[in-house]
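Chemist: Residue-level listing of the chains:
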Amino acid sequence: MDTNQYLEMFLEESKEHLQACNEQLLELEKNPDDLAIVNEIFRAAHTLKGMSATMGYEDIANLTHKMENVLDAIRNSKIRVTSEILDVVFESSDALEEMVIDIEEGGSGKKDVEKLVTMLNQIEAGKSPLAVVEEKTVKTVSEEESGGLVYDDFEQTVVSQSIEQGFNAFELKVILRDDCLLKAARVFMVFEILEKAGEIIKTFPTVERLENEEFDSQFTVVIITKEDAEELKAKVQKVSEIEQVEIRSVQFHSAAFEVATTMEAPVAGPVVQSAQQTAKKEPTATKRSSSAHSANKTIRVNIDRLDVLMNLFEELVIDRGRLQSIATELQNAELNETTERMTRISGDLQNIILNMRMVPVETVFNRFPKMVRQLARDLDKKINLEIIGAETELDRTVIDEIGDPLVHLIRNALDHGVENPADRIAAGKPEEGTVTLRAYHSGNHVFIELEDDGAGVNRTRVLKKAIERGIVTEEIAETLTDKQVAELILSSGFSTAEKLTDVSGRGVGLDVVKSTIESLGGHISIESKEGQGSLFQVQLPLTLSIISVMLVQMQKEIFAVPLSSIIETAIIQNSDILNAHNQRVIDFRGKIVPLVDLREIFDTGLPEEPEELKSVVIVRKGESLAALVVDSFIGQQEIVLKSLGNYLQSVFALSGATILGNGQVALIVDCNALIK
Amino acid sequence: MTAVTENNVMKTIVFRLLDKEYAIEVDVVQSIEKLLLMTITRIPGVPSYVKGVINLRGMVTPIVDLRNRFDLPEMEYNDNTRIIIVNLENFDVGLIVDDANDVIDIPVNALESQPEVVGSVESEFVAGVAKIEKRLLVMLNLDNVLRPIRNVNADEN
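Protein sequence lines correspond, in order, to chains R and W.
Using this note's numbering, read the first sequence as starting at 1 and increasing by one per residue.
Using this note's numbering, read the second sequence as starting at 1001 and increasing by one per residue.
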């Protein structure tokens, strides 16, 4: 079967199911008695098994099948959930993940799962998974004994399920003539016939060996088909150079079942097994259909296509701007009306396109619980991770980039933030540390916060190290606020861990986090109280491509100020300007706000005649405000953000450029750089 | 030098600055634009040879004045002034030149390393010189001419 076209879908879905498995497993760890959770995991594993079998990834199918057996035993209350069992299941799901990733990277998805399978078998048998007995070797059913092939559990299931559904399962023993020259060719011809008749589920020897002619003169094929034995036999015999074809329908001897059924039921035999299978299948089938009902309403779209759509739409936005300016110039009523309508429609379209690209941060967050669990174990700490607001949506491009920085922050919080249980008890805190990961929308931004109740930033230690590393001088160090000190740990070449651990503390960590976030147009800040914990706040733009700006004029030049940083615009009188220690400030709604003349910063030149009134744009960065002086306001517009390219890698106070309706380039002011 | 054909010649675009002729490989040249048809948006706080950015068919492209870059006297732009858009590995840049009107095949063996004294252009910008029928062509090392501009800070200006 040509499965290439389904590969992508398989990978995506497998990842989803594995993720679901992991999440539910974590849940199960907390509520070991909740059988509903076991059901969920069971369903995910079951689907994964089916998919991987269809795609021909036997190791995955095998392992999931075993997992499924264990889960089944759990939900039928045959065995009880213990952390020992969960560890093995977690390990299995890790192994599955590895295999899926291997497939994604072009590998064969093969992995030695024998040990895990044995352990799962042990659990299923009601024994401790650690006592790996040689029971594996009890898989005695040799070829001679059963008079055919050895079937593993998975193959048995497939066969019995097919029989239930009215298919026949046959074992075909094909014996080639001794003088047969092109054995592989004959094999190929037989396979071709059989594949038309049904599905081949097993061969002996393996297909590779058959293709390489590594067999004597006979081979066996197991096929599931609707055709009857005689018909099939006749067809195969038409291939020349075949001595004989023996056909027998597949019947499981009780011996072949021993391993699989010991703990499920004392009675062996295909009939019982099929009954069990039906019973097992029915509830999942009904559940499946109800979930399929809602799943119908979504389709998967390749992100590349959405990117193309986005690019095209960006072009449209530029032309829309051009059309608007032409319409304003011409002052033709009908043209105006049409452009207005077009603007409205394209506005809606823009919302839809942007929304299509929005992905819940969940997709990033959901790998953290497992990571934290593992890390906490490695570090011998007790940590509870709380996730709030995982449904918050962000642009796909931002999502793709934000994962690694967050991993780093979490590792940092676990390693350096939360203390050892002993230290915590000594400090009068609960033994278990709490790390909270929070995401929420605010204005045109998404905030992601990581809060821990650990030791916080130790001012003296951080300052000592910063001075040692030459990041600040001693004089400056004295004057820094606690917040500024905390943010020193984001500077490059800084690592406060006394010894390097493999969790974090390579000294390249947090500054990389900072630069990644800033390259996304975001911002990171730290608040920390010594002894009480730290709060890392990451501010990210909702989307990276189309933003609303206020266009302002300075002499002959037009600049764009992102609306997301603007609080309001105002006209002030010269007399409103106060001088405070080398800094001109204004009193804005009871707050002292520093005045920044953009015309000086951007060298545009000042108006020839002294102004009575000044136009200012009040912008903010976090809590701080600034008033930017410009010549005049032009208006609000949606623009497409374009980078200045790699040649101009960092230009002060500019975050990019855009193309205006008249085809000219306008620069976008980076307000964050203007506020200290 | 990637533009070596089977005859061992290098196809180059030749342009003029003041009275000297320079050459760059044709492979890196994306297009040649008339400067007067373009509107340049100035960028504050960058070295003076970066004249600004233009809208090149929807792409925001930085523009470098080569006269400025080579410390040659400035001149009013006129009808002959051209912008040569070059694609380097990581970015596109437009070069302002006095004139660009020739494509010349330079035999690879005609290319010599730069004599000790060749004029006002700093040697790190020059990849070599070639003499073709009484014309002296200076091959430019664009990687050095167009080193990315980083960490420009208003405080330092």
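Everything labelled a hint here was simulated from the structure, so no lab data went into it.
Be a bit skeptical, because a hint or two may be false.
To be verified - The calculated PhoX-like cross-link candidates involving lysine-lysine, where the alpha carbons are at most 25 Å apart (straight line), are:
{"no.": "1", "chain 1": "R", "residue 1": "K591", "chain 2": "R", "residue 2": "K465"}
{"no.": "2", "chain 1": "R", "residue 1": "K642", "chain 2": "W", "residue 2": "K1034"}
{"no.": "3", "chain 1": "R", "residue 1": "K238", "chain 2": "R", "residue 2": "K196"}
{"no.": "4", "chain 1": "R", "residue 1": "K529", "chain 2": "R", "residue 2": "K382"}
{"no.": "5", "chain 1": "R", "residue 1": "K556", "chain 2": "W", "residue 2": "K1034"}
{"no.": "6", "chain 1": "R", "residue 1": "K621", "chain 2": "R", "residue 2": "K676"}
Chemist: Going back to the hint list, which numbers does this structure go against?
Modeler: Violated: hint 1 alone.
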